[in-house]
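Put together the whole structure using the sequences plus the hints.
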Amino acid sequence: MLLGGLAVLLGATTLWLASEARTVLTAAPERLTLAPMVGGLDFCLQHIPNTTTTTATTGQPALPASCQGASGSAAALVEATLASLGPVESPDLALGYTLKAPLLDFLRDNAGQWEVDTAAIQRLVQTIRDVPRPVVLYLFSTHFESRAPIEAQLASDPANMASTPQGPLPVDRYYDAKLYPWSMADTTNTISQRRGQVMEAIATELCRQPEDVRARILGVTLLGETHQHFPHFQTGMGFAGPYEVSDYSAGSRQGFRAFLQQRFGQVGRLNAALGSSFADWDAIDPPEKDIRTQPLQHYWQHMDSFAHGTLPVSGWMAPAPAGAAAQDHIKVYLDGEFWERTRVGLGRQDVLEAAPELGTANVGWRLDLDFSRLPTGIHQIDLYLERPGEGLRHLGTRRISVMDQRQTTPQPHPQKPLPTARAPEEGLRYFIDSPADASSYYYNPLAPLWHAYRNQQVVDYLQHFNAIVRKSCLAQYPVFTHQLIPFANPSWDANKYAVDASLRPQPGLLPGISLYGESSYGNSFFDWMRGSRHGTYGVTEFHPLRALPPQELAQALYRHKLRGARFVSMFLEGRVNGEFVSDERNMFAFDPANNRFGSDVLYDSMKQVLADKAHLPQVRNTP
28 MLLGGLAVLL GATTLWLASE ARTVLTAAPE RLTLAPMVGG LDFCLQHIPN
78 TTTTTATTGQ PALPASCQGA SGSAAALVEA TLASLGPVES PDLALGYTLK
128 APLLDFLRDN AGQWEVDTAA IQRLVQTIRD VPRPVVLYLF STHFESRAPI
178 EAQLASDPAN MASTPQGPLP VDRYYDAKLY PWSMADTTNT ISQRRGQVME
228 AIATELCRQP EDVRARILGV TLLGETHQHF PHFQTGMGFA GPYEVSDYSA
278 GSRQGFRAFL QQRFGQVGRL NAALGSSFAD WDAIDPPEKD IRTQPLQHYW
328 QHMDSFAHGT LPVSGWMAPA PAGAAAQDHI KVYLDGEFWE RTRVGLGRQD
378 VLEAAPELGT ANVGWRLDLD FSRLPTGIHQ IDLYLERPGE GLRHLGTRRI
428 SVMDQRQTTP QPHPQKPLPT ARAPEEGLRY FIDSPADASS YYYNPLAPLW
478 HAYRNQQVVD YLQHFNAIVR KSCLAQYPVF THQLIPFANP SWDANKYAVD
528 ASLRPQPGLL PGISLYGESS YGNSFFDWMR GSRHGTYGVT EFHPLRALPP
578 QELAQALYRH KLRGARFVSM FLEGRVNGEF VSDERNMFAF DPANNRFGSD
628 VLYDSMKQVL ADKAHLPQVR NTP
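Every letter in the sequence shown is one number past the one before it in the working numbering, and letter 4, counting from 1, is 31.
It is worth saying that the hints were derived from the structure and are not from the lab.
For every residue, glycine included, the Cβ atom is placed at its ideal position computed from N, Cα and C.
Treat the hints loosely; a few may be bogus.
Said to hold, decoys possible - Quick list of the computed label-pair ranges, beta carbon to beta carbon:
no.: 1; residue 1: Gln434; residue 2: Asp307; range: 53 to 61 angstroms
no.: 2; residue 1: Asp397; residue 2: Phe458; range: 40 to 48 angstroms
no.: 3; residue 1: Gln434; residue 2: His491; range: 41 to 49 angstroms
no.: 4; residue 1: Ala450; residue 2: Ala110; range: 53 to 61 angstroms
no.: 5; residue 1: Asp610; residue 2: Gly416; range: 48 to 56 angstroms
no.: 6; residue 1: Pro439; residue 2: Arg623; range: 29 to 37 angstroms
If you want it as structure tokens, here you go:
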């Protein structure tokens, strides 16, 4: 029996979890709801053709009877899919579902006018009516295509697209799907209006339902991962290459000036803070040129991945030998003085894909160096592996130049003696990704203000749609964001996404977080939560990116429950009588036929956890 949580591991892990339970128990819900996002429902809810269910005679979609008529819904498909997971025996778990409502898909072209398909909205709401389970309503409209007919038309309007200094971004791709880089800078453009139009229609129809139906709503999640954009989304999230981010539209440029004026009041105060000499607010533009490759009219135009004053010191280290006493750490010295120490273990899926023999993606490490406070000149960074019982091993040296505005030739900074250390042992596998040796860095104090404004755009965009939801009866239910966390990926440039502000507490919004890899079960997310001032949250997407046995999956879910998670959502392929509902497959879906990222094992583990068969020691929920 699992008591007061799902599960814990033996020994030190048990003691740690018991301690954690004493500190955060008050935030934990009585039960954690697993809310799989059931795939393949669009053909039922919206009568979209589905090639796996075509009749032999007509070739037209053969809709189940339960999807048709005035009372049609996807309830039968949802229930059949969830039933495959078996009955829920765990006292700490509930089994609900996430119902995705792709907003743009509910729009139909009627003689040139886009109208809400009210019948499809009714089938969506009737699904909630007919499934007697807790539901997370996902008001989905993100940059990933939903194949709605209106998408191409919306993308043809530059006002709907995020802009870099080079202009509106084109339609991109992510694996096999189109990606539409919709603008976060404007809530009056057509894409925003259409999203709001459908949200209002869904809320209106839901509010017509009896209270006992609406009481099934565990929460509402907004839009999906909402962030700024950049070219080459699938591969461009790092620090390399020309720095191009959104949003540089005319409206954003003017909005940035207003943002600065509100913050500083007078342009003279801004000049005093920056060391600039702007004559008035209209003279200010966002920084957008690289001083190394482009001519500048003045220094405050400079922009690159590091112009805000922070430099990642990062890399990866192969796992310690089996049976090692403790986890590896990286110690960093700056100009001969100890600077900081960090644990190895962040997720680096790219490293695992390149070197599968490592056996794990949890090999990354990263520290961020605030070079804006360093004196100009050449500084030396030395990196060491700290492994218990082995002393220090020197991994490498990187010399960086902190430049002044005039690009004066930098001079070496004085060095203190380094600690005694051995060379890396033969065969030790590691790599220092950043910084590159002999690299140079320019701090532009206008750059962090520009990033702050871009972050505020994301917050304002989310709050715009939160206000739409809260004008309806849905105001009584928790409303969650649905955000990614760039910090869990040490090779990512978080400023490209500009989501840090939206991850902080927001009025009327609870955090909904997408967790992949180590962040779903390891320490990085929980470490962040401890300092975040968040209590209740939702896990809007969950995938460990590796096979977890039942015990480890149960432990991960337990930790989320203990920290205050209301629900954990993962992708689940819709099935009826063992057959797929749709011919489309989600690469991250928990499913017995999907062996990518251990998804088949995760499906079986989830069944065992729901059945309370993890066979782990109990943890008492006592303060």
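Taking the hints in turn, this is what the structure says about them:
1. At about 28 angstroms, the CB distance of Gln434 to Asp307 disagrees with the hint of 53 to 61 angstroms.
2. Separation of Asp397 from Phe458 is about 24 angstroms and departs from the stated range, judged on CB atoms against 40 to 48 angstroms.
3. The given range of 41 to 49 angstroms is respected by Gln434 and His491, whose C-beta atoms sit roughly 43 angstroms from each other.
4. A hinted range of 53 to 61 angstroms for the beta carbons of Ala450 and Ala110 is consistent with their spacing of about 59 angstroms.
5. Separated by about 55 angstroms at the C-beta atoms, Asp610 and Gly416 satisfy the suggested range of 48 to 56 angstroms.
6. Range check, Pro439 to Arg623: Cβ separation about 50 angstroms, and the 29 to 37 angstroms hint is violated.
Figure legend: structure checked against the earlier numbered hints; hints not met, in rising order: 1, 2, 6.
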